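*Asks:* Given only the sequences and the hints, what does the whole structure look like? Please build it.
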Amino acid sequence: MNIIITIAVSALVVLYAGLFKAKKALLPLTILGLLVALGFAASAWGTNATYFGMMQMDNFALAFSSITIIGTLFIFLLTQNYFAKDSENVAEYFTLILFALTGMIIMVSYQNMAMLFVGLEIMSVSLYILAGIRKLNFASNEASLKYFLMGAFSTGFLLFGIALIYGATGSFDITVIQQNLVNNVKSVSPLFYPGIILMMIGLCFKVGAAPFHFWTPDVYEGSPSLITAFMSTVVKTAGFAAFLRLFAGAFEPLHDFWMPALMVIVIITLCVGNITALYQKNFKRMLAYSSISHAGYLLFSLVVLTANSASNVLVYAAAYTFASIIAFAILILVKQKTGSDSIESFNGLGKRNPLAAFSLTVAMLSLAGIPLTAGFIGKYLMFLNVMENYQTALVVIAILNALVGFYYYFKVIIAVWFKDGEEVELNTPMQYKLVLVLSVIVTLLLGVYPSIILNLI
Amino acid sequence: MELLLLIFLPLAGAIVTSFIKGGSAKVSALLFSLLSLCVTIGMLTQFKPDASTQFALNYTWIPQLGINFNVGVDGISMITVILTNVLMPLIILASFKHDYKNSNAFYALILFMQTGLILVFVALDAFLFYIGWEAALIPVYFICAMWGGKDRIKVNMKFFVYTIAGSLFMLLGIIYLYLQNPSNNFDINAFYALKLDSYHQGWVFWAFFIAFAIKMPIFPFHTWQPDTYTEAPTTGTMLLSGIMLKMGIYGVVRWLLPIVPQGVNDWACLALILSVIGIVYASIIAFKQKNAKRLVAYSSIGHVGLIAAGIFTLTTQGLQGTMVQMLSHGVNVIGLFFVLDIISSQLKTNKIEELGGLAKVAPQLAITFLIIVLGTVALPGTNGFVGEFLLLYSVYTHNIWMGAIAGLTIIFGAVYMLRMYQRVMLGTTNELTLTFTDIKGTEKIVLYTICVLIVVMGVYPKPILHLSEASVQQLLDQVNQKLTGVN
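In the order they appear, the protein sequences are chains B and E.
When the first sequence is numbered by the numbering used here, its final residue is 457 and no position is left out of the sequence of numbers.
When the second sequence is numbered by the numbering used here, its final residue is 1487 and no position is left out of the sequence of numbers.
If you're looking for bench data, these hints aren't it; they were derived computationally from the structure.
What you are looking at is a predicted structure, and each value in this text was computed from that prediction instead of being measured.
Even glycine gets a Cβ: it sits at the ideal position worked out from N, Cα and C.
Be careful, since some hints might not be right.
[What the hints assert, rightly or not] Under the rule of at most 35 Å between Cα atoms (straight-line distance), these lysine-lysine pairs were calculated in the DSBU-like manner:
id : chain 1 : residue 1 : chain 2 : residue 2
1  : E       : K1097     : B       : K351
2  : E       : K1158     : B       : K433
3  : E       : K1101     : B       : K281
4  : B       : K419      : E       : K1462
5  : E       : K1158     : B       : K281
6  : E       : K1021     : B       : K335
7  : E       : K1021     : B       : K433
8  : B       : K351      : E       : K1348
9  : B       : K419      : E       : K1101
10 : E       : K1195     : B       : K419
11 : B       : K419      : E       : K1097
12 : E       : K1097     : B       : K335
13 : E       : K1462     : B       : K351
[To be verified] Computed far set for chain B versus chain E, every beta-carbon distance over 10 Å:
id : residue
14 : A49
15 : Y82
16 : K146
17 : L191
18 : I275
19 : I370
20 : V396
21 : I399
22 : T428
23 : V437
[What the hints assert, rightly or not] Output of the computed footprint for chain B on chain E, the stretches with three or more beta carbons under 8 Å from beta carbons of chain B:
id : stretch
24 : 1063-1069
25 : 1163-1170
26 : 1173-1182
27 : 1355-1368
*Replies:* If you want it as structure tokens, here you go:
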């Protein structure tokens, strides 16, 4: 609870700071707020507090809260001079991101499905505005509208699902729902089945799993890069945590029913994400499709539910978040210099910018899943989990997809190191350097010594 | 303790070297590789050539996943460790004359690769083995794609996707074995003790075999090899052909034979046939090559085919031949590629028809080249002879016809190698080759060392055979025991 209050309050403080033109104070205030929230998360570890039956701050919630807060912190560090050129009122960007984060904390810690809905809406509404925040930019407007329409649509599905489940059990509480299922294994209310499927569709929309992914590439491409980074890393992680809380918790007794549906979704997601990413010439679009494919890998943990599912998602999400933040940070730097976000504009980057090129290489290796990076451990855990349950065919599909992944991630590495291009020298601000170095260290550390995060929850 | 040095010294070297600007990077790399060599020699003096695992270390690494840092050396590993650490200084020295751009990155990658290679050869934990396997691949990919020839990007992408595809299937096999293992770890001895039925052994066999077959490469998984060897910078070619392909061979011996003997037994016939086809096919194609570098690349497929055939006979001679031939092939092939590199860096060509009469202008090169070629074609008294003899003998006792076919191609091999030598070194000089100057400096050191190794190993191969004999015998006993147990 302290976490939510801290973040919400700092959002308001930042808004007022903006009102009184205290531009210099915005970033320090935000970072202070986030660090305090992170401190609360750490100090609440293991306490497992419940708030009014609506939220449950268990280790699962705290771990995912921490990772979303850290991710957001990194995003904020990248804001230097980024929003300032769009608008006079930078404070509103800060506030909206913080509100979105508040929604996400609720999403990862809800105990009551009403809170899931509230959290999701707080987050989504902030994101609709953030996607369209470049008021005069056509693509940004398109992204916002698309995101809003699709988002509203999927929220409808989710709500309908919640209503049906409520009809079946008379409760929004996920523990009660689970208990209801366990008690009536033989005579499960028929309302459950459409309810679960509708909620699954709603959540798949939010995490961008195929075939509900069509909004992703356009929205990701049209939004300002930093917002895209935020959406594809932090938001996605929170979405998965919400997904996991519901399906690994409340609906776990009906796993046999919804697993086949989800398995089909996973296979489509992997194939669509990877194969389409292969043909992208635009780096941002490629990352969008790659984020779809990573959603596929993440969903493995739901297809095969084990005691480690949550922990595996945490590791994978951490690996994916830090690697993506590097990729987007460098995309922003390159675009500032060359004005283009095609993969070609990365040509010859390695000659003049060793730090940027090295970090991008580590990020791509991690996303591709090469050993000694965090991404490998994430993928390994997923494969292990699936193999454990004798779904070998699924692992083979995943492996073939991973191969396709190598191909397009290495396209970037090839552009950076092996192709000749204009030798631009990026001006990398100090904060960018900090984010790059920290993300690389985390990526390599998790790859070499993952024990620190494994079995945390 | 020695093993930690062996593994992490090159890594430390890589880090140090990457910060050294300019020409001293290569000196630093050479120094670190020589240090590794010294450690190896030190280990060799303490090594007892029995079947035991020595210098063993076992630390917990990722306890939640049952992964340990479990390393050790027996006779078989010792051979490959010697191979790596003897060839590394030679390879680094051989690249001294080139002025590579960003040479610090270049040499750091070589040393980084050495760490991966050593890990592969000493790992007693399947996960660690896999990590080493990939850690050796990434640097060599960068070396070849960054400093290679015109087509380097496309060619190396093929190489990379090929090998990584193989290793992902191997990972699948490793995970499968891990899940079967009641003690929930990746320990090699626990894997040895597994009792799988013959159906599952078949699957595991293929999961591993494809990875190893691509790496070696065995026909029909070889298509990446000639292009990659030709396009890579010579240093990359040497690393690939001299050391890296031995990872595949070592993998078969260490991980395939003892873990799934029944699977090997069921499929050995097919593997043997593929290997023999590879020998014949590669020899025929080598015969037609116009580019000397490509010719050597194909001849390498032929030699590796013979090694693979020898392994799958599952005889002491076959495996002992493999051990010697791994060393000999490594020494010979880097010698060949180095000579061709000396020629092409002066004359800018490796086309056989454009060369000729080099012996007149470069007598020292001619003599060293001749010794290397003779070693490659397995003339008695050279290092190639010992290994090829044992290998051929094993194939022959396994199946006379296969032995005969493999034997014929050895003769073929002699023909195309000598013909290449004749057309490049002998005959009349032309305008181009007249400008050639003889070897000097570091080139001399490298080539003389290689020639000495060729002759010494050929005349007195006993220490090498002795080194691995007990381990090989134990491994075969293990295999046979398991085979009779299963039946």
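*Asks:* Compare the structure with the hints numbered earlier in the document and write down the numbers of the violated ones, lowest to highest.
*Replies:* Hints 4, 10, 12, 13, 19, 20, 21, 27 not satisfied by this model.
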